[in-house]
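Asker: One-letter residues, chain by chain:
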Amino acid sequence: MSTPASPGNGVPEAPQYQPPKAPPKQNPAFRMLGMPNFRFKLPSRNWLIFLSVTGSFAAAITYDRRQKKAAQKKWCDLVSHIAQHPLPVNQMPRKLTIFLSAPPGDGIRPSREYFKEYIKPVLVAAAMDYDVIEGRKEGDVRYGTAEQIRRLRRKKGEQTEKPDLGEIDPEQLVENIREQLKIRPEPVIRGDLIIGRHTWKEYLRGLHEGWLGPLDEPQSRREPTPPSEDASHSTSTDLPPNDASTSTTTDPPLESPAENKIPPKEAETKPPSPPYAYISTSAYSTSPASPNLPIHLEPSAPIPHRHILGFFNTPIRIYRFLTQRHLADSVGRDTAALVLGLHRPYHQDSSFASSSTGEIDALPVTTSSPETDGTTSPAATVQTAQTWEQQSLLQEEEADWHKSAKKPRKDDLERVWLDDVVIDPRIGQRMRRFELPPEEEERAKRIGQGSERSRAVEVMDLRSEPVITDESQASSGKTWWAFWEKGKD
Amino acid sequence: MDSLNPAEQRELSSRMEKKQMKEFMTMYSKLVQRCFDDCVNDFTTKSLISREEGCVMRCVDKYLKGSERLGSRFQEQNAAMQAGQLPGR
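Protein chains in written order, with my numbering: chain A, 1350 to 1838; chain R, 4 to 92.
Same shape as in the complex, but just chain A (with noise of 0.2 Å):
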């Protein structure tokens, strides 16, 4: 019914029509351009949620790239003016080495991007000269730090069994024809840059097997079942594959040496790689230093590197993701430390082992202790294993690692990245650690402020400066040629 009276329906719909609002105000300009008369509002629920959540991790991406990159700008500044300094045409470059590996359960490929990202901006600005021992495998570095020191006693004249000739090494005949032509490396201490704990431990166990072992390869090692070995490779102790002597006594008589003679003969038909140890762990206080070790083993730089896998760790791997930037300052800070190259002994803390037992206690300082086979048990490992500031560096990044690293495996070989670190007094006493000194600390942070400037001395391009000639100079009316023209006068 279309009668007003009725309360039903049609009036009191009536004042709540609303007529069509009118299109809002737009400029008759754009409109006869054909612009679209937009209307601002918020977006909706949906897109808001979408947006607020990719903006923030957008911003948060951002903002710690950019901090990353101030961070590692302030450590380049700080060390760029080593750049500069001029070098005599007969000496080379100060050279570091660098030692690198795959971290536990992965390719080498995340930690070459580690140093390259990280690290080399630091060495590149100070224009460093750099070598790097890669390793791809558990042992690779360990086998390569032991094979350099043995290069190296082998060059200073110790005694070696193994014939010389046949196998010619690149770099050494370069280095020969570098000392006839009278070319010595700078005159600054060169050092050692480790990346991650891996590498840390096996870097440890390098340099002992290269200073304590023996030069040449052990013949028990090579032949396939001698007796002692049966009880050095049992699979299940933690201790390393071992020489003969120590290790009998050591070792719980557990395993049945019927399934420990399998790995050797394995390896008897193909040689592992890396080869084993020339000497264990155990053998280190018995074993004779070389007569060239050095007072002072090159300084070396442990940096950290934390790599972790696995989906769940996704959170974890987010947020590290996110603070690139405090990472990229630490790592900055130990490598400048390094490049300035000042260094101090590594600490040597013995509260802890005096918290167990005591007559193995005297242990790590005896350079050669008589009752080697009681001490060097497994028990005398653990306790040795806070002596040292060396042995708990970058303990921390080993909860990272992924379990596949821990897994048994089936070859022998020695597994350096689970053993504890042992450290000999020998070696340990030699050890230097970079150590940023606290006045470049200061000046790092006011280069960071931006109120200090860096040491480096600006360059002045004298192509970019304008080019002064007559033309140039007329307007003040002094050319040479109106001298000369009066001088003809």
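I should point out that these hints are in silico values taken from the structure, not numbers from a laboratory.
These numbers come from a predicted model, not from an experiment.
Keep in mind that a hint or two might mislead.
[What the hints assert, rightly or not] With a Cα cut of at most 20 Å, we get these calculated SDA-like pairs of lysine to any residue:
hint, chain 1, residue 1, chain 2, residue 2
1, R, Lys65, A, Ala1476
2, A, Lys1531, R, Arg72
3, R, Lys33, A, Leu1811
Fit chain R to the supplied structure of chain A, relying on the hints for placement.
Answerer: The following block gives chain R in isolation, referenced to the frame of chain A:
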């Protein structure tokens, strides 16, 4: 080299000498050109002003030392290759 007779040897050495001379002259003119271009930019006087002089000194120094370093690296590699019969790395 051994198969040449004395006349040829003389010829060879004189040619080598010429070649070396030429190389040296090329290097020299290159050096002069470079350092002049980079350093000299004031043409209102016929003498070098002190700034330019310092620049030229450093420029020549840098160039010579650089080429010396380069040469010795080449020499090393060459010697290493000959001694070890290595393929060029």
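Asker: Evaluate each hint against the coordinates.
Answerer: Now for the hints, and whether the structure bears them out:
Between Lys65 of chain R and Ala1476 of chain A, the direct Cα distance comes to roughly 17 Å. Compliance with the 20 Å bound is thereby established for this hinted pair. Taking the CA atoms of Lys1531 of chain A and Arg72 of chain R, the gap is near 13 Å; set against the 20 Å cutoff, the hint holds. Restraint check for Lys33 of chain R and Leu1811 of chain A: the C-alpha separation of about 18 Å stays at or below 20 Å, so the hint holds.
Consistency note: the structure conflicts with none of the earlier hints.
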